[in-house]
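One line per chain: the protein sequences are E and B, in this order.
Per this note's numbering, residue 1 is the first one in the first sequence, and the count goes up by one each step.
Per this note's numbering, residue 1001 is the first one in the second sequence, and the count goes up by one each step.
Since the hints were made in silico from the structure, they are not lab data.
Don't be surprised by glycine CBs; every beta carbon is placed ideally from N, CA and C.
Mixed in with the good hints there might be a few duds.
[As the list claims (entries may be wrong)] Some chain B residues near chain E, calculated using beta-carbon distances under 7 Å:
1. Ser1029
2. Ala1030
3. Leu1037
4. Glu1091
5. Tyr1105
6. Phe1109
7. Ile1113
8. Lys1114
9. Asp1115
10. Ile1119
11. Ile1122
12. Pro1123
13. Gly1135
14. Glu1141
15. Lys1158
16. Ile1159
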Amino acid sequence: MKLAYYPGCVSRSTGREMDVSTRIVCAALGIALQALEDWNCCGATHVPNELVSVGLAARNLAQTDLPIMTSCSICYSNLRSAALAMEDPQVRAKVNAVLTKKYSGAQIRHALDVILEVLEKNAELIAIPLKDLKVAPYYGCLLTRPKGGIDQPEFPTILEKLIKTLQAEPLDFRLKTFCCGGPIFMPQVQAAEDIAFLILKEAKKAGAEVIVTVCPLCHLMLDAKQKALEQRHGEKIGIPVLYVTQLVGIALGLEPDELGLEMNAVSPMPMVKKACERMAQEA
Amino acid sequence: MAADEEFKQEVLRLAGPEAQTCIQCGTCSASCPTAHLMKPSIRRLVKHCLEGEKEKALRNDTIWLCTSCQLCTVRCPRGIRPKAVVAALKELAEREKIKGKDQAYEELFQRQIKDYGRIAEIPLAGEFLLVFPQGALQSMELGLELAPKGKIKLAVEKIRGRDEVRRIMEELGKG
């Protein structure tokens, strides 16, 4: 399988482990990623003018004939929204009038569904089955919105399916599609942090050993902010938060440094060790 | 004050005419992750727009508490996109030159896209905090968490197609 890879802006800084683990996991699964030529920001959630937002995303879509894969839910949602909007001939004409390379259709995929597709056919690639590992599947908001993407917006199950493929146990996680607050975390810090803490508390209540995310902003809110939130609320959470690509990488037997595990704020290493010990006991 | 029909029509043009069919059921408010902080609620915000209450619709924190999560939008039984109503109001607030920290953040974000083609997160946060330091403590905590992990990148990446990106923002932003 060959795909164009759209890493998104955070892959350069706060979301580096997402990028590192995406590349290595895809390589291990035989998914060839071609860097998307001269890609630009998708606009994230900060370009209110819809036509501009469509134009920014469409410029990326017009750079390749290959299907485009991203591991960021915000990018995924924006690229999809643009492709949907470009079905309107009037919108397409307006946007194409300013694009250098013209848009003529695109296929957009999230790393989650690409990886699941390959793993379901190649279960023998799982070197360390994550047996009995209790995983909170956290979708966040934009992976399934707008409608018509990777899964239904109301009760998606694709992440649970992947977790089961790795032989881990997906928990019934009530707030799995509740927004993490990330998009407003700079100007509305209090509101955003309150939501993030609510999600962390819920994961703890559900008995999660690890939370898995599919978006770098969710990851930042739940992982990098976790310690500060614990201190502010006087309550220990202590749950590692992994990108879906990191969790898959662990099961594939890739090394911690290959997956950027040392870049996580809450160390996932005790959890990784436990998973390896469980496997050794079974053997 | 008389209803501002022109304002109402501009919201409908930007957010879609289906917004007129709102039945005020409140599904949007019930779905919103920041509803508890919003005054007016997202439901009432739509009502203000349809009643041409321009000032009430534009001068509030509600539009800036929206996380753009789109749960309201996938759930609305009338097929309205409340998130698009919020986006329309953000744009109209910009046209009216209503200033504040949230508007400043969006402006900085869009200026980076215009100038570089990409976002450089750390310089963006730094520039914002220089003007609005209220969240500096939380950002510093976050910085201390990210720095030892090699996740603080100060350098800015510029794409080759910056002229094209600028054209997208300027030309498409007119209509």
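Results for each hint:
1. Restraint check, Ser1029(B) versus chain E: the minimum CB separation of about 15 Å is more than 7 Å; hint violated.
2. For Ala1030(B), the interface hint is violated, the least distance from its beta-carbon to any beta-carbon of chain E being 13 Å, above 7 Å.
3. With a least beta-carbon distance of about 5 Å to chain E, the hint placing Leu1037(B) at the interface is held under the 7 Å criterion.
4. Because the smallest distance between the Cβ of Glu1091(B) and any Cβ of chain E comes to about 5 Å, under 7 Å, the interface hint for this residue holds.
5. Because the smallest distance between the Cβ of Tyr1105(B) and any Cβ of chain E comes to about 5 Å, under 7 Å, the interface hint for this residue holds.
6. Nearest Cβ of chain E to the Cβ of Phe1109(B): about 4 Å, under the 7 Å cut. The hint holds.
7. Of the supplied interface hints, the one on Ile1113(B) holds, with its beta-carbon coming within about 5 Å of a beta-carbon of chain E, less than 7 Å.
8. This hint is violated: Lys1114(B) has a C-beta 10 Å from the nearest C-beta of chain E, more than the 7 Å allowed.
9. Because the beta carbon of Asp1115(B) sits about 11 Å from the nearest beta carbon in chain E, more than 7 Å, this interface hint is broken.
10. A hinted interface residue such as Ile1119(B) counts as satisfied when its beta carbon comes closer than 7 Å to some beta carbon of chain E; here the least separation is about 4 Å, so the hint holds.
11. Satisfaction of the interface hint for Ile1122(B) is found here, the shortest Cβ-Cβ separation to chain E being roughly 6 Å, below the 7 Å cut-off.
12. Among the interface hints, the one on Pro1123(B) is violated; its C-beta lies about 10 Å from the nearest C-beta in chain E, farther than the 7 Å criterion.
13. Taken as an interface hint, Gly1135(B) checks out: its beta carbon lies about 4 Å from the nearest beta carbon of chain E, inside 7 Å.
14. A hinted interface residue such as Glu1141(B) counts as satisfied when its beta carbon comes closer than 7 Å to some beta carbon of chain E; here the least separation is about 4 Å, so the hint holds.
15. Proximity of Lys1158(B) to chain E is violated relative to the hint, the smallest CB-CB distance being about 10 Å (cut-off 7 Å).
16. Against a cut-off of 7 Å between C-beta atoms, the interface hint on Ile1159(B) holds, since the closest Cβ of chain E lies about 5 Å away.
In summary, the structure is inconsistent with hints 1, 2, 8, 9, 12, 15 from the numbered list given earlier, while agreeing with the others.
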